[in-house]
Amino acid sequence: MNGVELRNVTKAYAGLTVMENINLQIADGDFLVLLGPSGCGKSTLLNMIAGLEPTTGGSIHINGRDVTGLEPDERDIAMVFQSYALYPTMSVRRNIGFGLKMRGMAKGEIEKRVAEVGELLQITPLLDRKPSQLSGGQQQRVAIGRALVREPSVFLFDEPLSNLDAKLRADMRIELKRLHERLGRTIVYVTHDQIEAMTLATKVVVLDKGSIQQVDTPENVYRRPANRFVASFVGAPTMNFIDGKLTHDGDDIVFDSGSGCLPLINVPAEIRDLIGRPMTLGARPEHMVFDDAGISSRVLLAEPTGPDQYVRLAVAGSELTARSGPEQIFKSGSDARILVDGARMTLFDPQSGQALLGS
Amino acid sequence: MNGVELRNVTKAYAGLTVMENINLQIADGDFLVLLGPSGCGKSTLLNMIAGLEPTTGGSIHINGRDVTGLEPDERDIAMVFQSYALYPTMSVRRNIGFGLKMRGMAKGEIEKRVAEVGELLQITPLLDRKPSQLSGGQQQRVAIGRALVREPSVFLFDEPLSNLDAKLRADMRIELKRLHERLGRTIVYVTHDQIEAMTLATKVVVLDKGSIQQVDTPENVYRRPANRFVASFVGAPTMNFIDGKLTHDGDDIVFDSGSGCLPLINVPAEIRDLIGRPMTLGARPEHMVFDDAGISSRVLLAEPTGPDQYVRLAVAGSELTARSGPEQIFKSGSDARILVDGARMTLFDPQSGQALLGS
Amino acid sequence: MPDPAQDVLHYSATPQDAHQKGRRRWRPQWTARMALIPAMAITIFCFYGFIIWTFVISLTRSRLLPVYKFTGFDQYGRLFANERWWTAMQNLAIHGFLFIGGCIVFGYLLAILIDRGVKAEGLFRTVFMLPLSMSFIVTGVIWQWVMNPGLGLQEAVRALGWAGFEFNWIVRPDRSIYTLAIAGIWQQVGLCMALFLAGLRNIDPNIWKAARVDGIPVWRVYLHIITPMMRTVFFTVFILMSAIVMKAFDLVVALTGGGPGFSSDLPARFVVDHILNRQELGLGAAGAFVLLCTVIAVIAPYIYFELQKERSGRGH
Amino acid sequence: GALHAQTAEVLHWWTSGSEQAALAEVRKVFEASGGEWVDTPIAGGGNARAAAVNRMLGGDPAAVFQFSIGQQLRELADQGLLANVDKVASEENWDQKLPPLIVKAAKYDGDYIAAPINIHGENWMFYNKAALEKAGVDVPKSWNEFVVAAQKLKDAGIIPIGLGGQPWQERIMFNSVLLGVAGREFYAKLYSTLDDDLLDSDTMRKVFETFAALKPFVDEGSPGRNWNEATSMVIKGDAAFQFMGDWAKGEIIAAGIEPGTTVGCAFAPAIDTAYIMTVDAFAFSAMDGEEATPAQAKMAHVMLEPDVQIAFNKKKGSIPARLDVPADSFDSCAQTAIKTLQDEKTHLVSTGLFGVPSAVSGAIDDSISNFWNSTDMSPAEGQAQFHQAISNAK
Amino acid sequence: MRYNRLALYGLLGIAAIMILSPVFIMISTSLKSMDEIRNGSIFTLPADPGFAAWGKAWFGDCAKTLGDTCGGLSSSFMTSVKIVIPALFLSVGLGAITGYALAAWKMKGANVMFAALLVGMFIPPQVTLYPLIIMIRELGIFGTIPGLILVHVIWGVAFTTMMFRNFFKTVPEDLLKAARIDGAGFWPLFWHVMLPLSLPILGVAMILQFTYIWNDFLLGLTFGGRAGQPMTVALNNLVGSQFGEKEYNVDMAATMLTALPTLAVYLLSGRMFVRGIAAGAVKG
Ligand SMILES: Nc1ncnc2c1ncn2[C@@H]1O[C@H](COP(=O)(O)OP(=O)(O)OP(=O)(O)O)[C@@H](O)[C@H]1O
Ligand SMILES: Nc1ncnc2c1ncn2[C@@H]1O[C@H](COP(=O)(O)OP(=O)(O)OP(=O)(O)O)[C@@H](O)[C@H]1O
Ligand SMILES: [Mg+2]
Ligand SMILES: [Mg+2]
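Residue numbers (our numbering), protein chains in the order written: chain E, 1 to 359; chain S, 1001 to 1359; chain L, 2001 to 2316; chain Z, 3001 to 3394; chain R, 4001 to 4284.
Don't read these hints as lab results, they were simulated from the structure. Treat the hints with caution; some may be incorrect.
[To be verified] Simulated crosslink set (DMTMM-like; lysine to aspartate or glutamate; CA at most 20 Å straight-line):
(1) 3236/Z - 3272/Z
(2) 3345/Z - 3272/Z
(3) 177/E - 1308/S
(4) 2209/L - 159/E
(5) 3236/Z - 4174/R
(6) 2069/L - 3324/Z
(7) 331/E - 308/E
(8) 130/E - 151/E
(9) 203/E - 1208/S
(10) 177/E - 159/E
(11) 2119/L - 53/E
(12) 2069/L - 3075/Z
(13) 2209/L - 151/E
(14) 167/E - 1053/S
(15) 3236/Z - 4035/R
(16) 1203/S - 327/E
(17) 101/E - 111/E
(18) 1130/S - 4174/R
(19) 4108/R - 1053/S
(20) 3189/Z - 3272/Z
(21) 4056/R - 4035/R
[Stated by the list, open to error] Pulled a few chain R residues facing chain Z out of the computed Cβ check, cut under 10 Å:
(22) 4038
(23) 4143
(24) 4217
(25) 4226
(26) 4229
(27) 4239
(28) 4267
(29) 4271
[Stated by the list, open to error] Taking CB as the label site, the calculated pair distances span:
(30) 3111/Z - 4139/R: 53 to 61 Å
(31) 343/E - 1265/S: 27 to 35 Å
(32) 2120/L - 23/E: 37 to 45 Å
(33) 2205/L - 135/E: 56 to 64 Å
Yeah, the Cβ is synthetic: ideal placement off N, Cα and C, and Gly gets one too.
Given only the sequences and the hints, what does the whole structure look like? Please build it.
Below, the structure written as structure tokens:
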């Protein structure tokens, strides 16, 4: 099989297991994003694929070849680091070409390849500068160039954009996406930023505490989270959670939190099976609907972000966030009526946190 | 006058003027956000208000008192830094109480105030830790506590949230906003993150290259930018700009970019006066409408972010970004029809960059 | 518009500032200046005062005690006609090169070896730094023993059966200067090692990872990437070791006594010998002044570098 | 300085066993006559001299301090730092009892500023009798004979000259050669006038040639060696000869050998008899005036008392500074020296400490040591360099 | 991989042996008798190790001296301690304060003054003894321990200032700003914030200054007078005399005894030393 495959990979530091029995298949040409909170083991996993950290158990296969015991440079991979890790005393040109030179490539050929990469990443005018003379975004581009020039079959990125400011991050994101479409190589990309995961990935792996929570397309991870951890980690502002149970309110089904009943619309039919059992309802801010049929709630705070507006509401004993358009005016302390789009909500088992209804 | 006032403030470093004739009035209780790109002089301005940088010219008044020559601790201000700047060798308790101790406050009184602040910021259990034993968000809270405890009349914040990750940033933002509503003190807040500016400010000052571009409410800065710089700096993804002119297309008014005509809807009446003159049209992604009446465009890339989706389009010789809901599917290379919401667009003079029609 | 008088009124009325009664408080900046006075006094009176004094004395014919009968630049004439002085200056160059070079090379090598992740790191580090605790006099005495051809290493190796073994540099006029470097390096290599090790530890570990992914052999990483990054450390080491070379006195006295003949003399010893033993204060002062000028020529770039570094560091 | 009137701090560099024993003789008598002795030993002549001067400059002088008599002492007197002991000297008529050369050196402006305590001879040659016998050579009477004998010794596997390769030891050997080749008049004239013609003369060339001819006869380990290690080589028979001052006798005695028995002493080969003298002396800091305090005067008195002179010098290995004390209790070498010195023509001064200005002294040491240790310098070059160094230092 | 490791440890081992062997020679010689020293090689182990020489070095040999003291090191040990401790604290303290003032308080000419001060690191102290003697005399403290301490401070301040200034330059500016806003003036900022921060570099400066001052001979000899002769002067008296039989075992024992305190400091603080250097001297 082409691509990358991890079989029962385990990692322990000084006896402390930080990762156990990881199994993962990354198809050729995938843009796989490893998403998870700080310390969950993303970098460790990436480093094991790169060969920078030895595995404690299991095996790693790249393009069908078992690379578990190989050195990084024998694995046909390239890597880009958050801190760029450019060689500070070399010019951009030498930074990019140095790996080729070490492989004994001819000078002329190196020149050619560096020029091509420079062209592709639009850093040709910077080729003779030192890294310290570049802005953060330019440095990141050079770091990518250094990976590109080697033409490996797998690219590994460890939070490559997190040192950049918001604007630049957005631009670089688009560039990376285009680059992937153009080269068609496998990419494994680590981030803790869910927007990056959503926009870049063809497949997202959500990690928590060294174990895989969900492997799916970005859309599914967002819309059908496998469990409460994934649901709360992905999405900003975060998903609203309310404990309670589904009950009938006349013909309608409502969600009874014990201190109030939240009306639901567009309720899918299969949900009726769950009526009465205790559960947690999860609803994203954009799936809370301001509607006169809704439950009455008190506005705590309105956060206009420009295109949208997030409103914190006190309702049925919880604090919830709902999204609205920027025009509507919410005064703190005033009243608003709110309901939940039942077609888009997620229901979780309160004990295990697993999503109810096959996601 | 209460609050903060800057009169003709000028700043030069070694002869190089980085800031000239800044005049600014910050009303008592305002939450004023200084917004601008890196290096535009935000920190410099804040430091001058704090007394950490001497002014080269002009004067600074706090609560009606000329503080231009005073030491920082005589100005009745407190400041919170991006890097937190906690004293690494002191416990949280001592960190917070240090400023009071320096003022010679009695021990018991310090204890009391520190405890209050700890309560307020929910850091009571952390009071005996060292800063290095705290997470970033906790450190930032302590830094805020250190400012709060002094009960100054003006708070200064220099990018206090930019070292935090996205999730934490969103939470802290809300906390800050609540804190401001609760204490009612004047806040001057520096950031280059427009979301922070939009959500926190009662008044935004947009700075560029040491001069003030616009002073207004967040809504107005977003919806009625004073010039092209403000328009492009505020909002992410950034506003779309197209050069061309307004022309008649039958009864309708369209925007003619030279290589295609962009249909407009909801065109305000006063715009008719501008027909024919060269100008730049600015439209934010959420004000681009997918509509069969629109101009045909080619989809370059679709970026789903979760709640929304940003679509890059090639249209009328430009590349534009439009926002749509997450459900619709845009395949790269496919066709989409697009038009602009004329009620929300902004028009700029192509030479000066100033907004046309009094904003 | 509040007028200034009103400002003061308002000011003293503010509760926090009531105790100041409208007067400007004592500024911490002034305290900072006061705190510099002792060091400034030492710098001006002791360092520069003494340098000037030395220069003045070098223009006199003082012998045992300073006398202020001026003879112009006669002492410099005598100094430059003195063969021993030139030998000493030449030795300074040789010793400086070997000692500083040796400390840098060996210190760096040891630091690299330790940095490769050895087990008993603490033990090795401590061992390498042990000689630092010895004075130069002690160092000289020990090495005089070890290098003495009749008693030390040469004899010991010969006793083991290698009859032709020669290690008699200390008694050879053309080699004795090298023995100074050996003993000096032995003593100072630990400090250099510690400095280099600290520098190596400050290097972003991702650089190492990037180099491994690039498939760069370890020695090349050190040569092409790490070493250039350690420029500041090299400079620090260079300056510290230069200071030692310029002041080298005790070591020469204890190790070779400047001999054989004056083949291993150094300027600092020349100067001290003339001032304290030969009662040639004027000549010694002239030598000292020439030595100081040499020093300034060496450290001027350092000072320039320091200031430059900080100025360029400001933008970040 | 606020010590009791009869208290004297004595700063000296005599820290070795025999030196301390000798000095103890002075101390015993000084204390017996009511003085109180505060001892400040500092090893190394250079260190001690520097400390004495520095403490004087610093206003915390030692009342009595060991110093070499000559130019430097006069410079201290010039600055008013010294007290004189004229009263004692005239009462005891030092002018008559001390050798005239020493009297001259100990006086500044007609006042005695130092008390000479002894005379060391520098042109001694110590030899191991057994070694000479083994090689079948006699004690050489001339430098030509010496070279022949040395060759024989070398052939027999004995190191001919046990030399401590330090400049001052090399100079002692050189001066012996100078005296032996050029004669005492030449020596005296050369060092008192530093005359260019003499320095350039053929005689001088011959001195350098002879000196150079000795180079093959020292062992490899010579450079840097201490004099007592060299003496020990002679005692053990590893080396045959050592040219050294009579303090070497102390080392010989310490090894349990009576000087003149198995280890012999003789003057270095020479065309006429002479004695190169070097003198240990004590000077007196000006404590409250130009005149010595009672304690200082007492010290001066004690040091030149005949009994002290005998007891001290026997332990020290030198001979009394006063030539009028009975010689019979001294060893045979010392007796020879005392007898020799009765003839004033034999009085020569060492270039080490008081014969010539210290700058010249240093220049002499430097250039001789340089010549001796260089492998490629011809005698002519050595002579030229010697001349150059002396003129430069004058 | 394996062979690499072997070579690595091999090289380190050789280096360690080369560094240690002179110290080993000293110790083993100090445990030998004089006969053994005369007849054996310096590299052999003592046949019958004994501490007689150490006793002699420490207590002296009263039979050989004039009797005021017995010439051992014991008498001057306390003198050394009395000199080193105040000199250490004063020179490091002054360096810390000066370095702090230069680095943390933006003052015009601070860099020039620092540059000027650095020159002091390069002046051989021997060269300027005379004016220093006169200066100390005029202060009325020549020949006393306080005088000697002052001299050590003068010659130590350039080095300690350099260490501290370079360290304090790495302290983030925001921290200083925060303290100023908190109203911490010059001294509170120093005591409460900067000094606690500088502990690693303080350690390094203390260790190096301790070594320099403890090992000093010249300044002690010149400025100590009679009362202030440190251990190194006693050591010199023991081993430095030109005349008379040399007792190498006693010499070596005395040398080791003199070096013992500094040796102990290095043995006990090796890790701290490297960490301190990493914290300050190198970052620059
Ligand atoms: N060298 C090490 N020794 C011991 N534990 C380690 C080591 N490196 C990492 N860990 C632990 O392994 C876990 C995973 O670390 P890792 O760096 O992979 O996290 P991450 O997901 O990359 O976090 P971040 O987003 O902060 O980079 C963490 O709990 C960390 O403490
Ligand atoms: N000490 C200084 N000396 C010289 N120029 C300075 C100094 N400090 C700041 N500047 C310059 O003044 C300008 C404004 O700097 P300032 O730090 O206020 O920017 P900023 O808006 O806070 O940027 P950022 O978002 O990166 O913090 C910049 O061009 C900067 O280079
Ligand atoms: Mg990571
Ligand atoms: Mg800033």
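Query raised in the report: So which of the earlier hints does this model not fit?
Result: 1, 5, 6, 8, 9, 14, 28, 29, 30 and 33
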